[in-house]
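K.L.:
So you can see what is in the structure, the chains are spelled out below.
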Amino acid sequence: MKRSFLLVLACLLAAAGWVQAQEEGDKLNISGDLSTDNRFLYENSSPWSWNENRLDLKLQHKTGSWGKLYGDIWLRKFGTFNEPGAYYQYPELREAYIEVYDFLIPGLDLKAGRQRIKWGCADQINPVDNVNTYDFEDMWDFGRHKGNEAIKLKYYKNDWQAELVYLPFFEELRAPLGNLSAALMPEFSLPSKYSTFFPVNDTLFIPITMNLFFNEMAFVPKLPRANLGEGSSAGIRVGRRFGNYDIALSYLYGRDGLPVAKNNKLSLDSLSLTTLNTYFKSEIELIYPRMHYIGAEISGTIGNVGTWIEAAMIMPDKDYKMSTTLPDFSAALGIPLPRLSYGDTLMLEKKPWFRYVAGCDYTFANGIYINAQYAHGFVHERTSKELNDYLMLRAEKKVLNEKLRLSLISGGLSVSDWGDVGNNYAFAWVPEIGYKPNDNTEIILGTRIIDGKGGGMFARMKDYDEFFMKLTYSF
Amino acid sequence: MKRIVITVFAVVCWALMQSPAQDATTVLKKMDEVMYASKDQTVKLKMTLVDKAGKESVREAESYQKGNDKRIFRFTSPASQANIAFLSLPDEVMYIYLPAYQKERRIASHIKNQGFSGTDFSYDDMESKLYSERYDAVSVKTEGNNYILEIVPKATNKTEYSKMVLTMGKNNYYPINVKYYDKAGKQVKELNNTKIEQKGKYWTATEFEMKDLRKGTKTKMQFTSIEFDKGISDDEFTVRKLIR
Numbered sequence: 001m002k003r004s005f006l007l008v009l010a011c012l013l014a015a016a017g018w019v020q021a022q023e024e025g026d027k028l029n030i031s032g033d034l035s036t037d038n039r040f041l042y043e044n045s046s047p048w049s050w051n052e053n054r055l056d057l058k059l060q061h062k063t064g065s066w067g068k069l070y071g072d073i074w075l076r077k078f079g080t081f082n083e084p085g086a087y088y089q090y091p092e093l094r095e096a097y098i099e100v101y102d103f104l105i106p107g108l109d110l111k112a113g114r115q116r117i118k119w120g121c122a123d124q125i126n127p128v129d130n131v132n133t134y135d136f137e138d139m140w141d142f143g144r145h146k147g148n149e150a151i152k153l154k155y156y157k158n159d160w161q162a163e164l165v166y167l168p169f170f171e172e173l174r175a176p177l178g179n180l181s182a183a184l185m186p187e188f189s190l191p192s193k194y195s196t197f198f199p200v201n202d203t204l205f206i207p208i209t210m211n212l213f214f215n216e217m218a219f220v221p222k223l224p225r226a227n228l229g230e231g232s233s234a235g236i237r238v239g240r241r242f243g244n245y246d247i248a249l250s251y252l253y254g255r256d257g258l259p260v261a262k263n264n265k266l267s268l269d270s271l272s273l274t275t276l277n278t279y280f281k282s283e284i285e286l287i288y289p290r291m292h293y294i295g296a297e298i299s300g301t302i303g304n305v306g307t308w309i310e311a312a313m314i315m316p317d318k319d320y321k322m323s324t325t326l327p328d329f330s331a332a333l334g335i336p337l338p339r340l341s342y343g344d345t346l347m348l349e350k351k352p353w354f355r356y357v358a359g360c361d362y363t364f365a366n367g368i369y370i371n372a373q374y375a376h377g378f379v380h381e382r383t384s385k386e387l388n389d390y391l392m393l394r395a396e397k398k399v400l401n402e403k404l405r406l407s408l409i410s411g412g413l414s415v416s417d418w419g420d421v422g423n424n425y426a427f428a429w430v431p432e433i434g435y436k437p438n439d440n441t442e443i444i445l446g447t448r449i450i451d452g453k454g455g456g457m458f459a460r461m462k463d464y465d466e467f468f469m470k471l472t473y474s475f
Numbered sequence: 001m002k003r004i005v006i007t008v009f010a011v012v013c014w015a016l017m018q019s020p021a022q023d024a025t026t027v028l029k030k031m032d033e034v035m036y037a038s039k040d041q042t043v044k045l046k047m048t049l050v051d052k053a054g055k056e057s058v059r060e061a062e063s064y065q066k067g068n069d070k071r072i073f074r075f076t077s078p079a080s081q082a083n084i085a086f087l088s089l090p091d092e093v094m095y096i097y098l099p100a101y102q103k104e105r106r107i108a109s110h111i112k113n114q115g116f117s118g119t120d121f122s123y124d125d126m127e128s129k130l131y132s133e134r135y136d137a138v139s140v141k142t143e144g145n146n147y148i149l150e151i152v153p154k155a156t157n158k159t160e161y162s163k164m165v166l167t168m169g170k171n172n173y174y175p176i177n178v179k180y181y182d183k184a185g186k187q188v189k190e191l192n193n194t195k196i197e198q199k200g201k202y203w204t205a206t207e208f209e210m211k212d213l214r215k216g217t218k219t220k221m222q223f224t225s226i227e228f229d230k231g232i233s234d235d236e237f238t239v240r241k242l243i244r
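Residue numbers (this note's numbering), protein chains in the order written: chain A, 1 to 475; chain B, 1 to 244.
If you are wondering where the hints come from, they were derived from the structure by calculation, not from laboratory data. Quick caveat: nothing in here was measured; it's all calculated off a predicted structure. The beta carbon of each residue, even a glycine, is placed where N, CA and C say it ideally should be. Be aware that a few hints might be false.
Which chain A residues face chain B? A few, computed with CB under 8 Å, are given here [as the list claims (entries may be wrong)]:
1. Tyr156
2. Ala296
3. Ser299
4. Asp319
5. Gly446
So that you can see chain B by itself, here it is in the shape it has in the complex:
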């Protein structure tokens, strides 16, 4: 009898421990469904880099994305950066095109945790892969109209972060705020999606800001135009298109 009681107690405890995680996983998957709902997207954007002293410099770029693992990102200004372009393909295949070099170049994943062209976003932050493929949901709680979700990287994910804490609206599951923690458990970055809009049937952040708490800098990103589901062909995500 004693053995049965202990077994039942253990099963109940295990179930209680598991259920929030299940909820957290569901929330994470719902967030992915909202964030990556479109088949493709074409974006023109303005990046404002703000240094520690508050001095700003502006960059402009355009980006084409299909699904979660194909993207071309091309700077259009300033002149020193214009036409520098990146191509991301499945299986962490990445190419860079530097106009001065006149040829595409394969880049290895060692740059993943480095700043993306001087911004406070790393290459890793810029990835558009599903969060649920790269992170495990650990816990979720409710605060007012928001969910607070904690996620940790999967063993296969070579990231500089040890965890992220995401705040998202219960109404749309779109993240409002993301806190990034390093391996020592210290918060190192913070993303604020300052303007979240519903464009057609999709929710998207059209203005957001990444702060690097270590450097005291921030990068503001503003989408000046965004289009969804234009039916972009796979041919657009090739080295041929990268070097044009």
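Same shape as in the complex, but just chain A:
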């Protein structure tokens, strides 16, 4: 990790230096942000839920004529998570690419390297934005993705845009850190009983039911091989401006960064013949399902109101089933038993589901800005049954020459079962105040108050009401 980072950084700087030597006057531009992000839980014996200190360093060499080189590196220190060897202990190369304008033909731009390819027109919650791997490290930073190694060709002609993307390697998503690490885990239960026939002799079998307990569970992700057939993804997006509207259609054949269980290998830890309690160790192999993503976007204006709709149809390329390998009870007990088997469990069916977002924004004459969005399905929700509904609202007003930003009515409401809303809802109220003492510094103070019932993502966060403070300095 460290070596590859240094290698890419060295290449980037060398390339930038080379270009600088070629074209006098063009300089390597260094900019970025220095920030500290602190969050404190209201009710907890150890109240710090987040302390991230980040230097976001952006290197850019731009030439007016043929293209640019760009790199974005994060250097971070967390105060709250101190796992030795964790990825965030090292510099992270978010992006490092070279962009060539008018590549081969006029109007065609080539972008190659680690990059963020952003699709979608909605605000932060983008159902069609599936090219890059999701980065859920900070659950409150909606829409964050990792950069991926990719080649992008984008062609512009009049009001048309056409984009081809190819990603040679797959990367799994980054799971949430801290106390929200379980927020994306789907609810699932392991079998608690197993019924079979116990052979007393050659002719007599008696039915027994064993109680199953899992002492240990290990998840073993199996990444696809880095080759054309397994690890790569490819997609196309075509867009056009039609009067007051921008319209785009896209298709992506890629892998979901969120895995499914392929095989559950059980090994026997201990078994009591008197109580029939059976204790297992479980090793679950995880794979990353191939998906077809078909997207549509439309954004524009109705009257003076900004509007957008974005939708994605997502379908696995096949049924994904989990097989269960049971332990050899005969060997463990020293008595002959019939070979036990457990049927496959369907984890992901080859059936499409639709995620969509519709939103609008408007600024009133008094300067109050309103942004409202309705979303059906969050990124981790798969299959039609799992999709929840979310309504998000943000009202904002800038005062004192835009030095003070007040966003007091801000938050969301989610419903996971319209048939029983009272037991399947959640709301989050996230008011915040941003203050800019000078042009390059912003201090944000705010709070998150969450409540709800049921198994939805936000309902699971209800015990984590917190106060947050973020300071960012741009240079």
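Dock chain B against chain A, hints included.
P.N.:
Below, chain B alone, put in the same frame as chain A:
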């Protein structure tokens, strides 16, 4: 006979009422011809925002404009604003590019009457469309070496202003001062073109100042360089160029 006299009187009155308006319209059109004479222009500028207490903050930007309805405006400093860019196209099509968002975003015309990135200019004030397309000239009078022109928005123009009063030199028709009035008829802003120069064959204000009388703030704008008629291609005014 009586009927003929009344008719002639009415026609004369109508003509008398119309003629100043005709003159006003002519003056407005002449002003447009002077202000938007160049085919294109490339500008580097410095904006100084002065708050109520007199505290200043500085922003720098560059702008490319072609005709009256194509423009790209890009901030170059301070760091927090650098590379934020706006693209204006005909038919009120506007895009914004925010580097942090990494993608262009369509913006609706609801922002037209809002402050342009914290300055005292609104998006509407920054528009480079011909005044005569957006406003009707109501009256004109002469004061010394200046014309005083009053204009009101056309019905199709969704602006926060109810009228503007422009003072311009008789010699060049370039506005020296513009007073902006809200729907209640109260003056809310004032623009002073403090330095008007002839660059080549074109008149242009290279220094100007907008005061917001409601907030007690002002924004000073200074062109650090300006070039005309470089033959900028239409391709420069595209989303492709906006996001670079």
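K.L.:
All hints are to be evaluated individually against the structure, with a verdict given for each.
P.N.:
Cross-check of the supplied hints:
1. Restraint check, tyrosine 156 (chain A) versus chain B: the minimum CB separation of about 5 Å is within 8 Å; hint holds.
2. Checking alanine 296 (chain A) against chain B by beta carbon gives a least distance of about 16 Å; that is not within 8 Å, so the hint is violated.
3. A least Cβ separation of about 5 Å between serine 299 (chain A) and chain B falls short of the 8 Å threshold, and the interface hint therefore holds.
4. Proximity of aspartate 319 (chain A) to chain B is violated relative to the hint, the smallest CB-CB distance being about 35 Å (cut-off 8 Å).
5. About 18 Å separates the beta-carbon of glycine 446 (chain A) from the nearest beta-carbon of chain B, more than 8 Å, and the hint is not met.
In this structure, the earlier hints numbered 2, 4, 5 are contradicted, and the remaining ones agree with it.
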